[in-house]
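For what it's worth, numbering that gives the first Met the number 0 labels the leading residue of the sequence shown as 0, then goes sequentially.
What the hints contain is simulated information worked out from the structure, not anything from laboratory work. Glycine is no exception: its CB is placed at the ideal position from the N, C-alpha and C atoms. Any given hint could turn out to be false.
Claimed, not checked - Here are the simulated lysine-lysine pairs, BS3-like style, with alpha carbons at most 27 angstroms apart:
1. Lys-69 <-> Lys-36
2. Lys-204 <-> Lys-36
3. Lys-140 <-> Lys-204
4. Lys-69 <-> Lys-17
Said to hold, decoys possible - Pairwise CB distance ranges (calculated):
5. Lys-140 <-> Thr-299: 54 to 62 angstroms
6. Lys-140 <-> Asp-296: 52 to 60 angstroms
7. Glu-314 <-> Asp-110: 23 to 31 angstroms
8. Thr-299 <-> Thr-278: 15 to 23 angstroms
9. Lys-132 <-> Tyr-157: 16 to 24 angstroms
10. Leu-272 <-> Gln-208: 27 to 35 angstroms
11. Thr-133 <-> His-219: 37 to 45 angstroms
12. Pro-326 <-> Lys-140: 45 to 53 angstroms
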Amino acid sequence: MSGEIERMQELLEVSDLKINFYTYRGIVKALEGVSFKIAPGEAVGLVGETGCGKSVTARAIMGFVEHPGKVESGEIRLEGENLLDMTERELRRIRGRRISFVFQEPKKALDPTATVGAQLIEAATTAREIDSKTGYELAVKTLDQVGLGDAERIMASYSFELSGGMAQRVMIAVAMVGGSRLLIADEPTSALDVSIQAQILRLLKDIRQLQDSSMLLITHDLGVAAENCDRIIVMYAGRIVESGPVREIFHHPAHPYTVKLLNALPAPGKAQLEAIPGTVPDLVDPPVGCRFSNRCDRATDVCSQLPPLVAVGTEHAVACQHPMRQPATAAG
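Can you build the whole structure from these sequences, using the hints too?
Structure representation (structure tokens):
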């Protein structure tokens with residue numbers, strides 16, 4: 000009974016998720032045993048290099064994994080319901096209403112043949128089951144909330160008539176107009192000018208507070224995650240290698256990969272950024288055991304065994320045979 004109560008307290012719970020892609024080169028082992036939780040009102044950053052599995056994880060939650068990808072096993076529970084057991088029709092009723100997605104390239108995600116207003120009204124009426132007049136009013140209000148003051152003009156515009164920053168604000172408006180509990184933002188600032196990036200990230204934080212919603216922020220930048228999230232999950236080559244509160248990750252990193260990511264961040268007085276040697280392994284034939292072992296200067300023979308995710312502090316866990324911080328010992 001206590002397990003069921005705990006499960007219902009989590010907004011999202013991903014358990015032992017495994018996804019493969021069947022390509023002409025072989026089976027790409029994209030995700031291997033990925034597990035994490037997001038609590039109501041919590042912002043979680045999913046961090047790692049390109050190709051580590053961040054976006055695959057996000058798309059799996061939305062039910063966007065398509066051929067040649069296949070979800071082999073695991074569970075993705077939203078407020079206790081397993082999304083992997085749902086039909087496409089059932090998932091359509093979830094998207095926009097209880098869970099929304101902000102794509103990293105909004106001009107590709109928005110329909111170029113429909114006006115911004117038509118797309119917003121459709122999102123609002125579908126998610127909230129309201130009439131078009133109410134949907135129009137809500138769409139205008141939402142555009143105002145995302146900082147697009149000339150809402151009437153924007154409603155009549157097409158995506159190709161907007162700047163990159165404006166298009167991303169529209170994409171966020173589409174995501175929030177249905178009042179969803181969970182917002183997934185996949186590298187939402189990657190295609191934007193530096194001057195616009197901070198504005199978009201601030202907007203996401205404001206929207207989350209306004210709607211009392213949770214957020215999963217996908218980013219390769221630990222600094223961005225630190226400024227906008229409560230907790231950080233570090234992924235490498237399809238596996239979670241470390242997770243914990245932002246302060247713990249920054250002040251007491253335990254995995255060598257996390258340490259190298261932090262050392263690669265710019266800082267006052269740092270003349271040169273430290274690059275991580277090597278590249279992310281080919282997931283058709285990844286290293287046995289720890290997938291970071293071929294790039295790690297702490298690796299030994301024992302790293303050929305898969306390291307379990309163990310606690311090294313309060314809500315702080317690491318998967319490493321030689322963690323930079325010692326695992327917590329059991330009481331007693």
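Quick rundown of the hints versus the structure:
1. Taking the CA atoms of Lys-69 and Lys-36, the gap is near 22 angstroms; set against the 27 angstroms cutoff, the hint holds.
2. About 19 angstroms separates the Cα atoms of Lys-204 and Lys-36, which keeps this hinted pair within 27 angstroms; it holds.
3. Restraint check for Lys-140 and Lys-204: satisfied, since their Cα atoms lie roughly 18 angstroms apart, inside the 27 angstroms limit.
4. With a C-alpha separation of about 9 angstroms, the suggested pairing of Lys-69 with Lys-17 holds against the 27 angstroms cut-off.
5. Judged by the Cβ atoms, the range 54 to 62 angstroms given for Lys-140 and Thr-299 holds: they are separated by roughly 59 angstroms.
6. For the pair Lys-140 and Asp-296, the beta carbons lie near 54 angstroms from each other, so the given range of 52 to 60 angstroms is met.
7. For the pair Glu-314 and Asp-110, the beta carbons lie near 41 angstroms from each other, so the given range of 23 to 31 angstroms is not met.
8. Take Thr-299 and Thr-278: their Cβ atoms lie about 22 angstroms apart, and the range 15 to 23 angstroms holds.
9. For the hinted restraint 16 to 24 angstroms between Lys-132 and Tyr-157, the CB-CB distance of approximately 22 angstroms keeps it satisfied.
10. At about 33 angstroms, the beta-carbon gap between Leu-272 and Gln-208 stays in the expected band of 27 to 35 angstroms.
11. Between Thr-133 and His-219, the C-beta spacing of about 40 angstroms keeps the proposed range 37 to 45 angstroms intact.
12. Roughly 50 angstroms separates the CB atoms of Pro-326 and Lys-140, a value that falls within the hinted 45 to 53 angstroms.
Comparing the model with each earlier hint shows a violation of hint 7 alone; every other hint is respected.
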